[in-house]
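Asks: Those protein sequence lines, which keep their order, are chains A and B. Sequential numbering of the first sequence, starting at 1, is according to the working numbering. Sequential numbering of the second sequence, starting at 1, is according to the working numbering.
Calculated from the structure, these hints are not laboratory results. Fair warning: there could be bad hints in the mix.
Claimed, not checked - Heads up, simulated DSSO-like pairs for lysine-lysine below, C-alpha to C-alpha not over 27 Å straight-line:
id, chain 1, residue 1, chain 2, residue 2
1, B, Lys140, A, Lys27
2, A, Lys5, B, Lys146
3, A, Lys169, B, Lys34
4, B, Lys185, A, Lys10
5, B, Lys34, A, Lys250
6, B, Lys32, A, Lys169
7, B, Lys84, A, Lys5
8, A, Lys103, B, Lys84
9, A, Lys27, B, Lys146
10, B, Lys55, B, Lys240
11, B, Lys240, A, Lys169
12, B, Lys108, A, Lys103
13, B, Lys9, A, Lys250
14, B, Lys240, B, Lys224
15, B, Lys108, A, Lys10
16, A, Lys250, B, Lys126
17, B, Lys140, B, Lys188
18, B, Lys55, B, Lys195
19, A, Lys27, B, Lys108
20, B, Lys111, A, Lys27
21, B, Lys39, A, Lys103
22, B, Lys211, A, Lys103
23, A, Lys10, B, Lys111
24, B, Lys224, B, Lys9
25, A, Lys250, B, Lys26
26, A, Lys250, B, Lys84
27, B, Lys9, A, Lys10
28, B, Lys39, A, Lys169
As the list claims (entries may be wrong) - Here chain B is said to cover these stretches of chain A; the calculated rule only asks that three of the stretch's residues, wherever they fall, bring their Cβ under 8 Å from a Cβ of chain B:
id, segment
29, 18 to 28
30, 96 to 110
31, 201 to 210
For glycine and all other residues, C-beta sits at the position ideal for the given N, C-alpha and C.
Here is what each chain is made of, one letter per residue.
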Amino acid sequence: MKEAKIFLNKYYYLTVLIIARNYITRKYQDSYLGTLWTLISPATQITIYAFVMPRIMKFPSEAYVPFLISSVLFWTFLNNAIVASAASITSNAATITRCLVSKTIFPLAELVQHLYSFFIAVAIGYTFSCFAYGTFNIKVLLLPLYLIPVLMALIPVLIAFAFITVYIKDFKELIAILMNFAFWATPIIYPIEIFPEDKRFIFYFNPFYLMIKPISGLLFRGDIPSYMDMLRLGILIIVSGAVSYAIYRKLRRNFIFYL
Amino acid sequence: MTETSIVLKDVYVNGIDTNARAAGVKAFFLGKGKIQSVKIPILRGVTFEAKHGDKIAIIGKNGSGKSSLLKVISGIYPIESGYKHISGTVAPLIEMGLGFEPELSGIKNIKLSFAYRGKLDLYSKKLEEEIIEFTELGDKIFLPLKSYSSGMQARLAFSCTVFQDPDILLLDEVLAVGDQGFVAKSSKLIKERFKTAPIAIIVHHSIDQVKDLCNRFILMDGGKIIAEGTCDDILEQYRKTILKI
Numbered sequence: 001m002k003e004a005k006i007f008l009n010k011y012y013y014l015t016v017l018i019i020a021r022n023y024i025t026r027k028y029q030d031s032y033l034g035t036l037w038t039l040i041s042p043a044t045q046i047t048i049y050a051f052v053m054p055r056i057m058k059f060p061s062e063a064y065v066p067f068l069i070s071s072v073l074f075w076t077f078l079n080n081a082i083v084a085s086a087a088s089i090t091s092n093a094a095t096i097t098r099c100l101v102s103k104t105i106f107p108l109a110e111l112v113q114h115l116y117s118f119f120i121a122v123a124i125g126y127t128f129s130c131f132a133y134g135t136f137n138i139k140v141l142l143l144p145l146y147l148i149p150v151l152m153a154l155i156p157v158l159i160a161f162a163f164i165t166v167y168i169k170d171f172k173e174l175i176a177i178l179m180n181f182a183f184w185a186t187p188i189i190y191p192i193e194i195f196p197e198d199k200r201f202i203f204y205f206n207p208f209y210l211m212i213k214p215i216s217g218l219l220f221r222g223d224i225p226s227y228m229d230m231l232r233l234g235i236l237i238i239v240s241g242a243v244s245y246a247i248y249r250k251l252r253r254n255f256i257f258y259l
Numbered sequence: 001m002t003e004t005s006i007v008l009k010d011v012y013v014n015g016i017d018t019n020a021r022a023a024g025v026k027a028f029f030l031g032k033g034k035i036q037s038v039k040i041p042i043l044r045g046v047t048f049e050a051k052h053g054d055k056i057a058i059i060g061k062n063g064s065g066k067s068s069l070l071k072v073i074s075g076i077y078p079i080e081s082g083y084k085h086i087s088g089t090v091a092p093l094i095e096m097g098l099g100f101e102p103e104l105s106g107i108k109n110i111k112l113s114f115a116y117r118g119k120l121d122l123y124s125k126k127l128e129e130e131i132i133e134f135t136e137l138g139d140k141i142f143l144p145l146k147s148y149s150s151g152m153q154a155r156l157a158f159s160c161t162v163f164q165d166p167d168i169l170l171l172d173e174v175l176a177v178g179d180q181g182f183v184a185k186s187s188k189l190i191k192e193r194f195k196t197a198p199i200a201i202i203v204h205h206s207i208d209q210v211k212d213l214c215n216r217f218i219l220m221d222g223g224k225i226i227a228e229g230t231c232d233d234i235l236e237q238y239r240k241t242i243l244k245i
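With the rest of the complex left out, here is chain A (with noise of 0.2 Å):
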């Protein structure tokens, strides 16, 4: 199958880390801050939840902060690397009609930059939040592992969202309406607890919040996803990479002609 052949290749990666070394130098080239500037969306972010959500929602405001920090950076970086990998065939629309290398290339050398803002922002705020409210786990050194089946379920949903974008120009602009509707509807910045025991198997139709109930829980509280967690995200790597295959086999033929 040429898919796997190509899927199988170490230079199909190196290339991805090639071109996604480029964008992160485009990106924070002459930059006073740098990658810092990962940081400091979300931090402006997290400040501003910090201060109006527990007065609004009426919940506990102690731990608060951290978990924030756990779920709103990786909510960043899923939302990021959404939006951002809808919009990499066209955005590089010039190189692509020229070039020979798999055009999945580029959605995934999106991720791939968005990957290592995550970690940079990771790094400084959970040291921030192990200083200030003691939260320091050591389980939180198994956070690659586990980003492992999540990575596997967004991978081929962003390379099927890069190719529809050819065909549809209106759809970037969706995803990112969209990933505004699904930042509410994922228990982001309010915690699940809220909500009464038995409304809450609602959110398990929710892939974002499958993708990110591992990993905030991880970083906030060191706990380990339980198997029926895993489960869940195994179930969404096979629909995922199910329906994104179908819709990436009848997109990739004459895409080239779309941009």
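Chain B: place on chain A using the hints.
Replies: Relative to the frame of chain A, chain B by itself:
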């Protein structure tokens, strides 16, 4: 080992008029029409074969389908119908400076150029040194590309493009660039590459400039191959049919 070959049979390639398509989508939502893809014929029933030892010149006016044929052979354009079989590695020297990043140094752009061409497996420090030596850029190779003159950028772009050793070499128009000395040097290198490649195809406006390099001559017009023959035959037909002189 399979011998290097190119086989295209009755190949059709169609592009899409995306502006007309977008207008169709708007009309559909306003209830004034339906969504339809407006096709633009690019290649129409092209049948073409090449085997080991073929050095082919394809000539024709702008928009005749010459470059599109190279893009089909190199795999950039998909075919809509027909049969295509390519055996051997392909290096399309179609676009120079592909993926160049102004903020990065010349040396980093060499690697980036190989990455965008899908040729990272060929990249090595030795090859990088050969490319740098050929560009004659010296220590300037460590400076950002944005500080290069257009001539220096062209030298680097040419060198990154031409340092490949493929089974099938595809050249689009003249690639020789830079000052007079570098033009002579780069033309010599292109001719060497053209001679040593098992199959080489060059696309050109003018047959005179490529007649010494090739042993097959093809004339294209309107997305079709309209003639194949000796240099003189094709030249005469080109003048009569295309230039109408």
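Asks: Does each hint hold? Answer for all of them.
Replies: Okay, the hints, checked on the actual structure:
1. B:Lys140 - A:Lys27: holds (23 Å)
2. A:Lys5 - B:Lys146: violated (37 Å)
3. A:Lys169 - B:Lys34: holds (18 Å)
4. B:Lys185 - A:Lys10: Status violated; Cα separation ~35 Å.
5. B:Lys34 - A:Lys250: holds (21 Å)
6. B:Lys32 - A:Lys169: holds (21 Å)
7. B:Lys84 - A:Lys5: holds (20 Å)
8. A:Lys103 - B:Lys84: holds (21 Å)
9. A:Lys27 - B:Lys146: holds (16 Å)
10. B:Lys55 - B:Lys240: holds (24 Å)
11. B:Lys240 - A:Lys169: violated (45 Å)
12. B:Lys108 - A:Lys103: holds (21 Å)
13. B:Lys9 - A:Lys250: At roughly 24 Å apart (the allowed maximum being 27 Å), Lys250 (chain A) and Lys9 (chain B) satisfy the hint.
14. B:Lys240 - B:Lys224: holds (17 Å)
15. B:Lys108 - A:Lys10: Judged against 27 Å, a Cα distance of about 20 Å means the pair holds.
16. A:Lys250 - B:Lys126: violated (41 Å)
17. B:Lys140 - B:Lys188: holds (24 Å)
18. B:Lys55 - B:Lys195: holds (8 Å)
19. A:Lys27 - B:Lys108: Judged against 27 Å, a Cα distance of about 16 Å means the pair holds.
20. B:Lys111 - A:Lys27: Satisfied, since the Cα-Cα distance of roughly 19 Å is no more than 27 Å.
21. B:Lys39 - A:Lys103: holds (23 Å)
22. B:Lys211 - A:Lys103: violated (37 Å)
23. A:Lys10 - B:Lys111: holds (16 Å)
24. B:Lys224 - B:Lys9: OK: Lys224 (chain B) and Lys9 (chain B) at ~12 Å, within 27 Å.
25. A:Lys250 - B:Lys26: holds (23 Å)
26. A:Lys250 - B:Lys84: With Cα atoms ~20 Å apart, Lys250 (chain A) and Lys84 (chain B) stay inside 27 Å; holds.
27. B:Lys9 - A:Lys10: Not satisfied, since the Cα-Cα distance of roughly 34 Å exceeds 27 Å.
28. B:Lys39 - A:Lys169: The given pair, whose Cα atoms are some 18 Å apart, holds under the 27 Å limit.
29. 18 to 28: That given contact holds, which follows from 5 residues of the segment 18 to 28 of chain A lying within Cβ reach (below 8 Å) of chain B.
30. 96 to 110: n = 6 at 8 Å, threshold three: holds.
31. 201 to 210: Contact hint for the segment 201 to 210 of chain A vs chain B: violated, 0 residues under 8 Å.
In this structure, the hints that do not hold are numbers 2, 4, 11, 16, 22, 27 and 31, in rising order.
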